[in-house]
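There are 4 protein chains.
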Amino acid sequence: MSARPTPQHRLADPAAPARLAADFRRVRALTEALAAPLSPEDQCVQSMPDASPTKWHLAHTSWFFETFVLAGPRYQAGWEFLFNSYYQTIGSMHPRRHRGLLSRPSVAQILDYRRWVDERILATLESGEAGREALALIELGLHHEQQHQELILTDIKHALSLNPLAPRYREPAVGPVIGPPALRWIEDPGGLVQIGRDLHGDQAEFGFDNEGPRHKQWLEPFAIASRPATCAEYLAFIADQGYARPELWLAEGWDAVSSQAWEAPAYWIAADQRWMLFTLTGLRELDPDEPVCHLSYYEADAFARWSGVRLPSEAEWERLAEGVDPARGNLVPLTKAELERASLHPRPCPAPIDPASGLAQLFGDVWEWTASPYSPYPGYRPPTGAVGEYNGKFMCNQLVLRGGSCATPADHIRAGYRNFFHAPSRWQFSGVRLARDAP
Amino acid sequence: MSARPTPQHRLADPAAPARLAADFRRVRALTEALAAPLSPEDQCVQSMPDASPTKWHLAHTSWFFETFVLAGPRYQAGWEFLFNSYYQTIGSMHPRRHRGLLSRPSVAQILDYRRWVDERILATLESGEAGREALALIELGLHHEQQHQELILTDIKHALSLNPLAPRYREPAVGPVIGPPALRWIEDPGGLVQIGRDLHGDQAEFGFDNEGPRHKQWLEPFAIASRPATCAEYLAFIADQGYARPELWLAEGWDAVSSQAWEAPAYWIAADQRWMLFTLTGLRELDPDEPVCHLSYYEADAFARWSGVRLPSEAEWERLAEGVDPARGNLVPLTKAELERASLHPRPCPAPIDPASGLAQLFGDVWEWTASPYSPYPGYRPPTGAVGEYNGKFMCNQLVLRGGSCATPADHIRAGYRNFFHAPSRWQFSGVRLARDAP
Amino acid sequence: MSARPTPQHRLADPAAPARLAADFRRVRALTEALAAPLSPEDQCVQSMPDASPTKWHLAHTSWFFETFVLAGPRYQAGWEFLFNSYYQTIGSMHPRRHRGLLSRPSVAQILDYRRWVDERILATLESGEAGREALALIELGLHHEQQHQELILTDIKHALSLNPLAPRYREPAVGPVIGPPALRWIEDPGGLVQIGRDLHGDQAEFGFDNEGPRHKQWLEPFAIASRPATCAEYLAFIADQGYARPELWLAEGWDAVSSQAWEAPAYWIAADQRWMLFTLTGLRELDPDEPVCHLSYYEADAFARWSGVRLPSEAEWERLAEGVDPARGNLVPLTKAELERASLHPRPCPAPIDPASGLAQLFGDVWEWTASPYSPYPGYRPPTGAVGEYNGKFMCNQLVLRGGSCATPADHIRAGYRNFFHAPSRWQFSGVRLARDAP
Amino acid sequence: MSARPTPQHRLADPAAPARLAADFRRVRALTEALAAPLSPEDQCVQSMPDASPTKWHLAHTSWFFETFVLAGPRYQAGWEFLFNSYYQTIGSMHPRRHRGLLSRPSVAQILDYRRWVDERILATLESGEAGREALALIELGLHHEQQHQELILTDIKHALSLNPLAPRYREPAVGPVIGPPALRWIEDPGGLVQIGRDLHGDQAEFGFDNEGPRHKQWLEPFAIASRPATCAEYLAFIADQGYARPELWLAEGWDAVSSQAWEAPAYWIAADQRWMLFTLTGLRELDPDEPVCHLSYYEADAFARWSGVRLPSEAEWERLAEGVDPARGNLVPLTKAELERASLHPRPCPAPIDPASGLAQLFGDVWEWTASPYSPYPGYRPPTGAVGEYNGKFMCNQLVLRGGSCATPADHIRAGYRNFFHAPSRWQFSGVRLARDAP
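Chains as they are written, first to last, in this note's numbering: chain U, 1 to 439; chain V, 440 to 878; chain L, 879 to 1317; chain C, 1318 to 1756.
Hints are computed from structural coordinates only; laboratory data are not their basis. Among the clues, some could well be false.
Said to hold, decoys possible - Covered by chain C, per the in silico footprint, the following chain L stretches (three or more residues, Cβ under 8 Å):
#, region
1, 920–926
2, 954–961
3, 975–985
4, 1030–1043
Source: prediction; values computed, not measured. Ideal placement from N, C-alpha and C gives every residue a C-beta, glycine not left out.
Take these sequences, add in the hints, and give me the full structure.
Encoded structure:
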């Protein structure tokens, strides 16, 4: 079996604990930096069952380390119940929809809890006694926390948007506006390709269990857009009565349009003759050049149908992403310069963090709905134990999104990443990239 | 019509503005004292549509003065929308069920708002230029704020009770426990009696519009219990399968029992072989001698039926209350000493405020459900203008409660007071006093 | 106690069984005549939980006699469960909202069931061996069945109204149209009056338990309208933006208007520039002279407020009704001729049945909402046993209606009758008569 | 393009109209034979929004022919609204959940409607003047009607099951009971295979649009069970606490188990120490040898996980089905005799209709959940016009089922057939066949 390295292989590097400790400090600090602009009340509200209060995210990400890595007595009786998200095999849990009622513990108490966890995890890493399994769980916990960093932003955006005062998460930054590049169609001959991650290979970087195994798939020739659709393009769909023509919509999509009176993406607000956007930096006028965002799957699909094309499958999307990844070949004729200039996804490698705010790159572009239902790759097996609940049990009635958004930490983005949400969801930074069959 | 003084008569006293200013300082301070033990997060949560966040109460009571008394520009654009409770004639309002989403404005901002309103109202009172109508509205606003003082306590009790950690509003005080007096039946010959308040008389104290006019009513002879029912008495009802016998219940009451699986009053928690109570000072064992509390009307009614008697009408209840009121005669043979010893309602006059906490007398006994639907007294007319929405528009599908609870400010209690809630409500401090026809 | 005749007194008349047998034949036949125009499918549908399928009414009224009068084995196992309406002390019951799923037993099987019950009840009456209690229960069962005769009509009207084909219950009859008399205000000095029925007196006619006992009540001087309001009068309320002015409505009424988008009474259908009515004889144009009908309590109350007056209490209404009843005096200056000419309620005595259709007098005017919550009269005691559930357990959150409608069997109408429905209900033939305080 | 025959190719056969006329008579008669045991009331009830009344199926299948094939005036104004199922491009439609309120038109009127449509369609076919497109639509309409034949049975089964009397659709037939064959694992080497139907080929039989186009897919080696799972096998899952172990379930599956208190498949009724089944022929004891049926996708998936294996993909399932189809090769070592003996699906060719009842083969085995979300095959295009709404717009949040059930008309079953339902659905005859990766 020496030919099949396990996760422990990568973590067997003697430098691994020190590297993880540095990552741990950085990731944990960013989470708190994201919460810092928010008052205790902001951090307590829950605007819908899908979203969680900021302070719950602060606590749950700590619960994850405490539960899966630390031994010994719990920090506080009852908290294992409050901050368990959905791990049934760990025990029962507070109902998700009631997280906003937890005025206690306070933000201050939860920050104390974070300190307590931080000390113990760092001590474990620095002791040199952490086994490979513990290292793997700490690494998993950091990627888990990065997911919640994005959710802190999407969830508070939703909550603030429901406040008639339209409050700001932070002040808007003034930056250069760069128009989008012209849309080009990038062709791919298809054939018997490979997608997914070999999570057990010699050179394997971290990936969630659902990103593997790497496996064969047959693709017919196709073409895929060189960038996500813009608001200008989506406005043409709206102007052509896109929201009033049932023939453009999936049946369940049309039900959503009708019952919820959708007339535009989430956070678009009609105001005499123009569209305003509610953003984390306040209300502002919509920019036709920015990627269209906060679409449900239904809207992405209807927009594609109206455009006479379709959504890409996740295999097609991943072909594009890998094509620009130097580590995997160069199947796609995008130049690195092109990518950097437009600063549009997919980003093949992490961009540097803005040193000024610690938040740079959190604002940019969008997750892209694919046409692929979220299903296990052939040969997928969830890990044993409670962490097996992480990804596998959600593989039903959701769709895969690819790419990473402006709210995704830069070093959390990778070509093989499979995000997933329900078709009606709109509170994530979700947009659309078009694809089509080769002629 | 000179024989019929208007509200302005009482307020025409030259000392009225100074007295109101003192009341204003005292009442406003008590509201903030009630909120003081609560964190910003505690003050933000809303546990059900019926209840409101503490900070919303802090703001709304200020909105009331700003809206009805002050002229000139509003304190802050948009707040008149957020903090309007239900005054349709003032304008539209934020949906009640979404009050818990208002993380902004913060508690601190709302306290600033209170200061701003306080200064202006006090300036108005001290200027000597306030007209009689303004004085009447300030007086109304103080009584309005006292209602919200009670709601601050009932609403946060409900919210905290849903937290699995069972947090405390404040630490329990240790005090002498006084057993209840034996229950006696106080007889009344009935006949053509008068109830209600003459709100326009020469000697008229303040009363809400719904407490008048004073009017005639015919009563058959009846008897009424000398005190509310105790937990011990209610436990006998439970032990006799009271919650499992439909013949004891109103049809809608039985539906509530069945659909909500009621087995005891709200806040009773079964714990191996005994009952625990969730209270504002934490979980504690139930005391069989305390008045039974947090009953719905349905439970009060079923308990009375099981007891072979009935609930009093509000006229019967008021006869009892007036009987012990020296100002109105002495029809009922209760001695003042009896009343004071047991510290049970109805209290004919305000008890002194506990100088230590400023909260004294807020914890004690219960509002008492009557059998009387909340309807206008004969000849009732709501005031003109928006304050006419205060009481009149709720006169449907609610029942009158009398007496005042441990959470009612002591100087807000009076014999003619008509509180009202829907039959299934249990989050108020609501109990039961029995009555019966004369034999 | 010989001075206090019991119900048995009236039924002790040796002719009582024969009279009851004749009544039984007549009432049971009318029920089936009402169902006759309906197909088996019509008789099976249930359009909302409040309404029941026709064939369920046919079965339930038979279940009543079988359950309360007949001894011996039941007709069919399981049917006592299906056709119990709400008698918890008899046993459990099929959920009300699922009555429309009972495709079996068929209409034909239920008619067989009726035959079986008829034979046994008539045999009981004709045997001369029925005790007084049995006679009383048969008499009660006939009045119970008459209530369901009205419900057959109101419930099928609701069901047919939801069919886009707007089908007819029966063909319209052509008759003389009589304009309404001018509205007059009938004054009453009030004072200490008596209302309610003495159900145990020597001369007592049948009355439901909730109609008694007769008792004293104090009334202030008042005036009451000589007839119900007409559509013309109600149209003026609509034209004056009655449905758009919250200050005219009870708070819960305004919620209903807003959430259900009410713009007119039930069954009014706006059709280019005019109002159409859905009726049991099909769609037709609204006649401004007919009594306004299918109002909720909220609408009746708002209309009264808009009119500058109020709804009558049930005591006031009964004063009017008794005033024209020769048996009770002549307090009110209405002539019998006036009443008969307009064919408007209250009818002091039953009108003759139309010999042609057996349905005469089923179409005419309206139940009238009063301002009185449905509460027990002083001294009211429900009968012991399961029939005690008949009326008493509904005495909460409903309002009393008086008078009887076009769908009420003529000999089921009486001055003391207390009908009751929830405030939002509109599917009954419910209208409004105005009242006001004496000047 | 002569190399790519269109649907018209098959229908260009001069014998096609006569063959279609014979099919038309047979299929239309079977629909009515299926409704014949049901009373008018049975045919009117709707037990849930997913299900439709029998008579609605009778009318809708006729509406389909009238709408898509016949020209000229409609049969009856308003019916195009009532009997449109979901074709938005045809016009608006009666809300699905209200179909059970349509007591009119009656069953008799709908049968008249069927006669009217029958005459015109047969006249069209016999005239020799029907164009190829009309022939294609008639053929589509027949397959559409066969789908509704199955729904007539599944929908009335659900409705009757809610009747506490547990009525029968028809009397049980007594037949030989044949035990299931032992479960064998049939291995398949996988590789680059082809699945789906070439709907435009020279030899193309009829298939729905969603069954094509035929396309390549890569399969890893796998094994698939030789028959569906039996009740005995499923009972072992139940006995092993399958319904109480969240680790066996998809997250949404566990939510369904918890919120709906599932403890067994639909229609299983626990009765002292044994399981009863509600069936179309009444309540009877469960036979451990029969295929387990009325499973949701969640249950099928949990059962597979508990079994240590998984569900097949639809490609794997189709490989098995094609393997036993002489027209496609013989990859799978099942003998035809084996298949016929056990009478288990997949049936490679239609079985003969039972001449006695016209219903033969309607009772037998189960649709089999696959792990494949219902998505378009690569290159799929819906037809233009309203029939394009037939299949394509439902390709979201549903799972593919394969095989055909005991309620599927025998000549409606084929290897490429893609049925689809939502994961929680249990009212179809849905079971489970296991699969696994090759070792």
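Kindly indicate which numbered hints from before are broken by the structure, ordering the numbers from low to high. none
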